[in-house]
Amino acid sequence: MTDTRHTNIGIRLGDLVERFGGQLVGDPGITVSAIAPLDSAGPEHISFLSNSKLRALAAQSGAASLILSPLDDPSVAATYEGARIVTTNPYAYFARAAQYFVSLSETPKAPGIDPSAVVSPQATVDPTAHVGPHVTVESGAVIGAHAVIDAGCFVGRDARIGADTHFFANVTFHAGCSIGARGIVHSGAVIGTDGFGFAVEAGVYIKIPQTGRVVIGDDVDIGANTCIDRGALADTVIEDGVKLDNQIQIGHNCHIGAHTAMAGCVGVAGSAKIGKHCTFGGAAMVLGHLEIADNVHISSGSMVSRSVLEPGQYTGFYPLAKNAEWERSAAIVRNLASMREKIRTLEKTIKTLSEQQ
Amino acid sequence: MTDTRHTNIGIRLGDLVERFGGQLVGDPGITVSAIAPLDSAGPEHISFLSNSKLRALAAQSGAASLILSPLDDPSVAATYEGARIVTTNPYAYFARAAQYFVSLSETPKAPGIDPSAVVSPQATVDPTAHVGPHVTVESGAVIGAHAVIDAGCFVGRDARIGADTHFFANVTFHAGCSIGARGIVHSGAVIGTDGFGFAVEAGVYIKIPQTGRVVIGDDVDIGANTCIDRGALADTVIEDGVKLDNQIQIGHNCHIGAHTAMAGCVGVAGSAKIGKHCTFGGAAMVLGHLEIADNVHISSGSMVSRSVLEPGQYTGFYPLAKNAEWERSAAIVRNLASMREKIRTLEKTIKTLSEQQ
Amino acid sequence: MTDTRHTNIGIRLGDLVERFGGQLVGDPGITVSAIAPLDSAGPEHISFLSNSKLRALAAQSGAASLILSPLDDPSVAATYEGARIVTTNPYAYFARAAQYFVSLSETPKAPGIDPSAVVSPQATVDPTAHVGPHVTVESGAVIGAHAVIDAGCFVGRDARIGADTHFFANVTFHAGCSIGARGIVHSGAVIGTDGFGFAVEAGVYIKIPQTGRVVIGDDVDIGANTCIDRGALADTVIEDGVKLDNQIQIGHNCHIGAHTAMAGCVGVAGSAKIGKHCTFGGAAMVLGHLEIADNVHISSGSMVSRSVLEPGQYTGFYPLAKNAEWERSAAIVRNLASMREKIRTLEKTIKTLSEQQ
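Chains as they are written, first to last, in our numbering: chain R, 1 to 357; chain Z, 1001 to 1357; chain W, 2001 to 2357.
These are calculated hints, taken from the structure and not from any lab test. Treat the hints with care, since some could be wrong.
Stated by the list, open to error - Here are the simulated DSSO-like cross-link-like pairs (lysine-lysine), alpha carbons at most 30 Å apart as the crow flies:
#: 1; chain 1: R; residue 1: 322; chain 2: Z; residue 2: 1109
#: 2; chain 1: R; residue 1: 273; chain 2: R; residue 2: 207
#: 3; chain 1: Z; residue 1: 1053; chain 2: Z; residue 2: 1243
#: 4; chain 1: W; residue 1: 2342; chain 2: Z; residue 2: 1322
What the hints assert, rightly or not - Now the stretches of chain R that chain Z is said to cover, found in silico as 3 or more residues with beta-carbon under 8 Å:
#: 5; stretch: 84-92
#: 6; stretch: 98-107
#: 7; stretch: 258-265
#: 8; stretch: 313-324
As the list claims (entries may be wrong) - Derived list of chain W stretches under chain R, where covered just means 3 residues or more per stretch with a C-beta under 8 Å from a C-beta of chain R:
#: 9; stretch: 2096-2104
#: 10; stretch: 2170-2179
#: 11; stretch: 2185-2197
#: 12; stretch: 2221-2235
#: 13; stretch: 2337-2349
Yeah, the Cβ is synthetic: ideal placement off N, Cα and C, and Gly gets one too.
Could you build all of it, start to finish, from the sequences and the hints given here?
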């Protein structure tokens, strides 16, 4: 845990703009020690304004410095007396600055292999990588430079882990799978388990061996207890920059396009092909063998039961109501066909009545 | 596994009422060795009646003793000849008695640290605590009196685990998080993983460091493979007495009020504020930044997409039907706007017709 | 990872039909080294036709041999010049042949116990079983012949694991539970965690000890991060041949009939009794204490809120739509009672009008 609000670090504003750009209005020698929200920031803090609705709050902030957009700057600057870093995307600037603060305050894991780890002599672990207690690394696995494999992780035969990738404690990464550079895999995630494939004979399931892999690009984050199945014959593919939250299930042979993000509890059945820059709200579900175009956004709790080939926002969940009201509406939903029939009858009757007049 | 039906323990009824109260009608020297259901209990058993509909069954039970309410007692006592413990909440009494039976029959885990565990010299483990095989405890962590940390658990830097708290095998408890006394964390749970927070710049996600913690009160149960994310800047808070079932996802910065219970597969998105004494049925989902008042009850499978500020039972799921019927109703649901239009047209036509008469 | 497409194995067609039956039309001495899809198979491959729509593709396949049905054989044989294995269920035949290819190319895990494992002297591990690094096996546990327990698994007190059963890395299998022969339990699965059972007293939950077990039959597959709770007093039972995908939650005291299959993210609440040969699509949910007959098929994303006693396909999820359309339909769904009222009023008015004519 690193609390960016209470650090012993001092960062010069001049250092920040040198690293991350932006136009500094104020003294580059001013030093800040942490990032804080607009309303609680004090003279040791830098804060940020990413929502124009909070301009008034920003204008009165006690922060030593503010990160804000050219659009918000004139209004805020009228009363705010601290230094300002003006940049087109203050929220992204904040993210980078926060990463920088954390990097300065945290102790990096020491390179080397914990004596309790069981690492095959046929595995290749970069000398700058960290392998924690109780880790197992099987033969042929390759762990890249500055990678961190925390306690209790399992890295299967011939798996490949890219440079600067971080496995938190108790990750399972199966044989033959690969992940690129700067990835993050959170605790309890299981990558490369067998896909769910069976032939049926006389009502009995016969397992189809799952001999594909999971191939993951660079800058991919995988949440806690998320599962990604290996392909049946071909591979399951997760492209660069994909962000998966916790408790997600990705079936075998799925292909997820670059920079697509999924919130917690999403499920994607096998062989779905999902485009780039899509978003999926929590607990959204996608049936197998569907295609989702680029820039499709699925709302939380929605079931995608057909391909979605046009960009846009899509939704499908039953609206919440007091239980008694729901019981009424659900009973009618069950009988909508009879309601439609009644309307048709009415239409006919009225037609007859009208003609008779 | 402890089967309370077949033990070698003998407990005097007098001992039970001394510990747990209730009015004993019968001989305090009667000894029972286990708890059994009404219909299978024999002379060595104690049973309980918590549902008045089962009075007739209780009246004929072969149990040596019954736990029952003052309301049910006269009717049962008319024919039942065993001893009776009369108490206002027989089900709660049963729960406590069952805990007592289990405590007598199970072997407590021995205090001490398994030689295979990797415990930092900078961690503090109470001498009465049990730390099992392959556990990792990082520096600054504190493990309280009589706590049990089973095999394969990970306890991160500066984490705090209260007295009498039990982590089952393979729990991951991340740096800086804390849990109070008498907690239970089941296998595969992941506490304190990073929340899902990103800034977006030119379609690419930039991680926002998650520097808050997870702070958990006393008497909290957390189910198997459940995840609770650490806060972004502030903390994620789980108050006293909360009970979470398996496969639950709690997003960053959530606040869950005391004595709220959630069944399996529930998902709560980030920054939701949930009141006390709420219940959530299985697979209920709560969107982010919502507020749920005290004493709100959400049915299984329901999506909470707006704040719920009034106590009561709320529901929202599509009713199940034979597939052909569902296809018909779902097609109409898709076109409800056109049905509404038809009704409006009918209303107008009829108005005209009526006026013409 | 075993890629069946690139092996050094040569299998004679005569060997295949001797093992798995089927009628061979062609030279039994032909040797194939792998299985490949119809369109990419070459002279070293065997392929299969399980979907009659692909007859034309099969007829032109470059595979050395095809597995196909008597129905498809005449049409394909007209142009296809390779050897044919004619069998009633080509997909099942493919599954078995693929398993055979994999069994020949993979290196079996060596019998024995890894030195880093912590195995109780009171446990019984068959000398042909494999126990991997960092495994914990508690006293009284029994591990059968040729069982494989991969790295980081936990096997609790008195648990029983049948012959040829395979636990992938990081499985948790709690005390007293049992699984039969030829089972597969994938990584992160948690079997035998406490069920979610509480009595309530003055708004506070009191835990009811869960003293039943999980009893699992032969040939059962359990997916990654799937949880099965132990029973409260009686046992949770999973019959032979059940196939559970990833991220599934099975509550305490459930009974799942033989050869039932559940896709990812399914949830089954406590004490549900599910028949044989059922299927559950992804994220289907079953409430507690329900009964589901044999041969019931529940579609993905459907909530089963009442018992289903008749075989057939059942569905219940809100259809996906563009967000604006969904908002319109959902608003009407909320007010269906008023729509029904309007229709009733119309019916009455029309009746009056008709009578007046």
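Cross-check of the supplied hints:
no. : hint             : result
1   : R/322 to Z/1109  : violated (47 Å)
2   : R/273 to R/207   : holds (24 Å)
3   : Z/1053 to Z/1243 : holds (28 Å)
4   : W/2342 to Z/1322 : holds (28 Å)
5   : 84-92            : holds (count 3)
6   : 98-107           : holds (count 4)
7   : 258-265          : holds (count 5)
8   : 313-324          : holds (count 7)
9   : 2096-2104        : holds (count 5)
10  : 2170-2179        : violated (count 1)
11  : 2185-2197        : holds (count 3)
12  : 2221-2235        : holds (count 4)
13  : 2337-2349        : holds (count 6)
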